[in-house]
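Given the coordinates of chain D, work out where chain P should sit on it, guided by the hints.
Chains as they are written, first to last, in the working numbering: chain D, 1 to 358; chain P, 1 to 173.
Quick caveat, the hints were computed from the structure, so don't treat them as lab data. This one's a predicted model, so the numbers in the text were calculated from it and none came from an experiment. We treat Cβ as the ideally placed atom computed from N, Cα and C, and that holds for glycine. Check the hints yourself; a few may be wrong.
To give an idea of the interface, some chain P residues facing chain D are shown, with a C-beta separation under 8 Å as derived from the structure [as the list claims (entries may be wrong)]:
| no. | residue |
| --- | --- |
| 1 | 25 |
| 2 | 34 |
| 3 | 35 |
| 4 | 36 |
| 5 | 37 |
| 6 | 38 |
| 7 | 40 |
| 8 | 61 |
Derived lysine to aspartate or glutamate pairs resembling EDC-like cross-links, with alpha carbons at most 20 Å apart [claimed, not checked]:
| no. | chain 1 | residue 1 | chain 2 | residue 2 |
| --- | --- | --- | --- | --- |
| 9 | D | 228 | D | 97 |
| 10 | D | 233 | D | 215 |
| 11 | D | 3 | P | 59 |
| 12 | D | 267 | P | 4 |
| 13 | D | 267 | P | 59 |
| 14 | D | 271 | P | 59 |
| 15 | D | 181 | P | 4 |
| 16 | D | 3 | P | 29 |
| 17 | D | 274 | D | 313 |
| 18 | D | 274 | D | 338 |
| 19 | D | 267 | D | 241 |
| 20 | D | 181 | P | 29 |
Residue-level listing of the chains:
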Amino acid sequence: MSKRVLMNGNDAVGEGAIRGGCDAYFGYPITPQNELTAYMAAHMPRHERVFIQAESEIAAINMVFGAAVTGKRAMTSSSSPGISLKQEGISYLAAAELPAVIVNVQRGGPGLGNIAPSQSDYFQATKGGGHGDYRLIVLAPASVQEMHDLTIEAFALADRFRSPVMVLTDGRLGQMMEPLKLHEGKPPARPPKPWALTGAVGRRSNMIRSLLLDDGVLEQHNLHLQRKFALIKNSLLKFEELNTRDCDVLIVAYGTSARIAKGAMDKARAKGMKVGLLRPVTLWPYPSARIRQLAAQVKGILVVEMSSGQMVEDVRLAAGDRAPVVFEGRLGGAVPEENDVLAALRGILRRSRGRKLS
Amino acid sequence: MSCERILIAGAGGQGIVLLGKLLANAALETVPHVTYFPSYGAEVRGGSSHCQVILSQAEIPSPVASRFETMIIMNEESLTRFLPQLDRKGLAVINSSLCTTQPVRNCLMVPATQTADEIGDQRAANLVLLGVLLHHRPLVAPARIESALRVIWGDRKATLERNLAAFHAGLAL
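Okay, chain D solo, but in the shape it has when bound (with noise of 0.2 Å):
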């Protein structure tokens, strides 16, 4: 078993794209993800692969589109407002099949807003960012141990389902150094790709692109997106349940906040209360049926982010109206407190014995 290193977040994300087998990556700076810019301007070169500082991020995308249409494994990343300048690049790549790894070290918005970590580009990521009718497939890592291996898996599923992956991160996870293991396998088997331009020796030529004008062509191309779609919502969904057997209330959180929900569920516990945690690891696909199941036997569901409330829209979708779904976030850059948390869980419970009394 390899030894435990400490890592920032960021050179976690960086170390596991190059153990994931990245190729090349583009990438523009901003805080808070500038470590992993740097770590890939170091380390990439070393491994004889492609380091490029693009001259912006809506270059650094496009260049991500050119070098997976030849088949390459490729990566940018950037912070909130540099992931809104991809977003057009995203489309294309998502339009064209392409895999690419995309990783948005999310910080407070909206604009430029500030540096501080957040959690309010969930939206973005999960219901389109871009325009078209489009899905990505989203990860969201809750320690440093998962900046590294998701980053890794990131890399498999885009080869996998011939798609662009975001790793939707934050701020303090970028920052924050934690031990972790380094993976020592192999990267990711690397399916065969004929579909990529690689020069058309002895075999038809290849076309990418996302322009389909001809008569119900685009149409077409759309049916067979959503039935992709429809694949990988069925062969892929990640999350982690923290005791959900006996729980009166379900924290639903993810990233950072899950963290913080995890913190104050312990405290709960400890206090007698039971109250249970589910973290979603994929944002999209969404473990909608399994918080519909829990729904029905807790008391009150309370979702935890760094946003105004936007996975919570996804929550209440699931749980109907089997459970009261109730929100606790910080907005622009703050981070919610345990107690924050441990008093909106009191606040369920007390309300949740005033409605069988009455």
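Frame of chain D, contents of chain P only:
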């Protein structure tokens, strides 16, 4: 020690970040859960710099604390700003060479810059303070700090020796 929250604060250039990483790395093999968190953004030499290290037997929900069991404070500005966040039973090791305020409670005043200067390098004042801290609170074995310093300074023998001397001076104070 079930959970030790440590704040290191001073001015950019005093080795605040280095000290935090050194401590976190030294704890890696003996403490189950370790986090390090910097103040990040537009940091400049001479500006305010601080970082936090948490050493814990249990998982650490947040790497950012607002109360601390332990502090290393390297200048007056940080003293004024952070000392109110020291736990009632906490311990602060303060660089008295650069602080004029005389705090009353739970503080060890150490002339770290002066001590380091006498050793031959003012910049090693951070290690004097770390030595003093570890003498009073054995959070990690001094040998682990020493081996981490050897890794950092590698072939720069003179620098390494001055840093080790500063660390040892702190341990003995």
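Status of the hints after comparison with the structure:
no.	hint	verdict
1	25	holds (5 Å)
2	34	holds (6 Å)
3	35	holds (5 Å)
4	36	holds (4 Å)
5	37	holds (5 Å)
6	38	holds (6 Å)
7	40	holds (5 Å)
8	61	holds (3 Å)
9	228/D to 97/D	holds (10 Å)
10	233/D to 215/D	violated (29 Å)
11	3/D to 59/P	holds (19 Å)
12	267/D to 4/P	holds (18 Å)
13	267/D to 59/P	holds (12 Å)
14	271/D to 59/P	holds (18 Å)
15	181/D to 4/P	violated (23 Å)
16	3/D to 29/P	holds (9 Å)
17	274/D to 313/D	violated (24 Å)
18	274/D to 338/D	holds (16 Å)
19	267/D to 241/D	holds (17 Å)
20	181/D to 29/P	holds (13 Å)
Checked against the numbered hints listed earlier, the structure breaks hints 10, 15, 17; every other hint is satisfied.
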